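**Student:** Chains A and B supply the protein sequences, listed in that same order. Count the first sequence with the numbering used here and you get residues 730 to 1094, in order. Count the second sequence with the numbering used here and you get residues 208 to 551, in order.
Errors might be hidden in some of the hints.
[What the hints assert, rightly or not] Cβ-Cβ distance ranges computed for the label pairs, FRET-style:
1. B:PHE316 / A:ASP821: 35 to 41 Å
2. B:TYR334 / A:ILE751: 27 to 33 Å
3. B:GLN276 / A:PHE1075: 46 to 52 Å
4. A:ALA892 / B:SER404: 51 to 57 Å
5. B:LEU509 / A:PRO1063: 50 to 56 Å
[Said to hold, decoys possible] Coverage of chain A stretches by chain B, computed from C-beta distances (three or more under 8 Å per stretch; other residues unrestricted):
6. 905 to 916
7. 939 to 950
8. 1001 to 1012
9. 1065 to 1073
In short, the hints are calculated from the structure, not lab data. Here the structure is a predicted model, which is why all the values come from computation and not from measurement. Think of the CB as a built atom: it goes at the ideal place given N, C-alpha and C, for glycine as much as any other residue.
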Amino acid sequence: MEGFITQQLSLEAKRQEENFPIYQLVTPEGELTDDGERIYNAELVRRMYKHVLRARLFDRKAVNLQRQGRIGTYAPFEGQEAAQIGSAMALDEKDWIFPTYRDHAATLTFGHSMVHVLLYWAGRFEGCIPPQGKHIFPPAVPIATQILHAVGAAWAEKMKGTAQVALAYFGDGATSEGDFHEGLNFASVFDVPVIFFCQNNGYAISVPVERQMRSKTIAQKALAYDMAGVRVDGNDCLAVYHATKMAAQRARDEQEPTLIEAVTWRYGAHTTADDPTKYRDQKQSEERRKYDPLLRLEKLLRGQGDWDDTWAESLHQTLQQEIEQAVREIESYPKADVTHMFDHVFAVPTWNIREQRQYCQSLLK
Amino acid sequence: MGMNLLQHDKPLRDRIEKSTKLTLVQAVTDGLKTMMNEDPSVIVLGEDVGKNGGVFRATDGLLAEFGDQRVIDTPLAEAGIIGTSIGLALNGFRPVAEIQFLGFIYPGFEQIVAHAARIRTRTSGRYTVPLVIRAPYGAGIRAPELHSDSVEAYFFHTPGIKVVVPSNPYDAKGLLIASIEDPDPVIFLEPMKSYRSERREVPTGKYTVALGKANLVQEGEDITLIAWGNMVKPTLEAAQKMEKEKRYTADVIDLRTLYPLDRETIVQSVQKTGRVVIVHEAQRTGGVGTELISLINDEALLYLRAPIERVTGYDVPVPLFSLEDDYLPSVARIADGIERVMGF
Ligand SMILES: Cc1ncc(C[n+]2csc(CCOP(=O)(O)OP(=O)(O)O)c2C)c(N)n1
């Protein structure tokens, strides 16, 4: 036996919360911390503001479309934009992202099209197709499963000798699944350049995080796998950006995985099929608007003297137009074609699928 | 002709005086409540089953009535839910675990097939697993990706677990109670599309619908139609349509339990009609229909007057909702299947 030996036996659980303070660069009032001063860059923050506003307007539109029956069930993300966008902006164009059903702010920022995101929620697999050259995986619906894919994709990049990394998005609930633990373990055993990006939005449907797990933070779960774990203010886009940038750099340079916990909040329902008043006080949710990520960016820009009303107004207008255009486009999209379900099961359709395709088509005549 | 749900069970007809009209999902709640009142070892656990009352409200009100020691919101982990339920079951409890959608049961798959299904065998009966796993399943409600899977065949293929699929409120309560009382693990599949599609008289007290017994929903002479879960309704409609249009009359069998199959009811009917159409929404290849054909070949081949037809989902992942209606067997497709068999 080697190493440190003790004769004192203690079963006292070590509370690790104090080791994982929440990293912040911009206060809710929009003021920069010392570190924030160093990193602040007006152009970057204006881009953040644009992406956050874009995602928010898109999300609200999507909820309305669902209410009007123009798309199906939808998973809103309002409140979580900074976490998704700060992290997506920190990646290189050729990196990989593995999102969930709630991560459209991230995928839109990383280059997915609004049309495709809407097509997916309009019940079409075509919505899963990312733009050419973009490594954006389809939204994972079964919880935590994509975490392992990100590890594998990043592992492949490492073996191919590239500098690309992969980032997996997931929620607090996902950390209870075995796939989460297997993903972190593989990444740490094989030194995989992957970032585990958890949006801790307080709830997994109705189950509050304190009922989901006993550990006080998600970041501390990194300790068990001997990897870096950081906890950031998920409503502080700049802090998320900076933390993810550092994690990505470390992944590229040293093949080190990182677990990032972005602490945030989703204001609305879990999905449009869910009723949050059953399990949480909506007043509590409205109070979180004080920490709103969009508002914080606005305050920051105003405080730095980098805000311009006409810029903001015209930005708003341009984005609204972009969204309306996307909606028009999906609504004039050709009707879903039955052949689609048969044509992508195998590279070469097997006889049963060929025959069933033919039969199914014959029914339409 | 028509629905003769209670014909099999005469004592029940007397008791139905004390009944209420419930939807299928309410009947599930009622079944759970009945058994929790009856037996303190019955507990309910799963994701969102407590405070939220389940994503479909199947456990609504149970937390308030029975407390959080018996109605348990678990962490988000199907292997955890099913694996610990196995331990609870082999040590004195009767857990009823809810999996939110059948398409999310896969993380718990190993626990079901590697453990729940074979603990009795492995311990020569010393340990047993009286566990019920409930899961909504099936397409037709415009649910998002993966929510519409109908993968009963995975479990049907696994000895050691029973597979039960009610199609209406009355059966749902009676079958659920029978499943909870069963000494072996049961996968209880709830057809989502039928959750709120109708209300039926459901006795208020405890009653069971025996596992392994199919329901001859309608009697006829010319053809046997076999279905379960969500497919019972369109199958009945197709039978009625063909009767009106072509005067074919059909035995319609709602299997209710897939494992064990009610061999007797199936064979008797086939011996009478000599013609069969099997309807299931699960993918065709390796589906339960395949086994039904084999069973009929073994037991009634010489009575057959035409090859058996299957009307099923296609061999593709269940598509998203824009094509879901094309995927699912429709009344027209079932009628078409009947026509092919009758016209053979
Ligand atoms: C394996 C699996 N089990 C259950 C579900 C049903 N479900 C969908 S979202 C969800 C909660 C997820 O919570 P969390 O991981 O915190 O992410 P959030 O939705 O809050 O972003 C559940 C239980 C699922 N999609 N997959």
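**Student:** Evaluate each hint against the coordinates.
**Tutor:** Hint check:
Between B:PHE316 and A:ASP821 the beta carbons are some 37 Å apart, a value that agrees with the proposed interval 35 to 41 Å. The given range of 27 to 33 Å is broken by B:TYR334 and A:ILE751, whose C-beta atoms sit roughly 47 Å from each other. Range check, B:GLN276 to A:PHE1075: Cβ separation about 50 Å, and the 46 to 52 Å hint holds. Between A:ALA892 and B:SER404 the CB atoms are about 55 Å apart, so this pair conforms to the stated range of 51 to 57 Å.
Separated by about 51 Å at the C-beta atoms, B:LEU509 and A:PRO1063 satisfy the suggested range of 50 to 56 Å. Residues of the segment 905 to 916 of chain A with a Cβ under 8 Å from some Cβ of chain B number 4, which satisfies the need for three, so the listed coverage holds. Counting residues of the segment 939 to 950 of chain A whose beta carbon lies closer than 8 Å to any beta carbon of chain B gives 3, which meets the minimum of three for the stated coverage. Requiring three or more residues with a Cβ within less than 8 Å of a Cβ of chain B, the coverage given for the segment 1001 to 1012 of chain A holds, as 4 such residues are present.
With a cut-off of 8 Å between beta carbons, the segment 1065 to 1073 of chain A has 5 residues touching chain B; three or more are needed, and the interface restraint holds.
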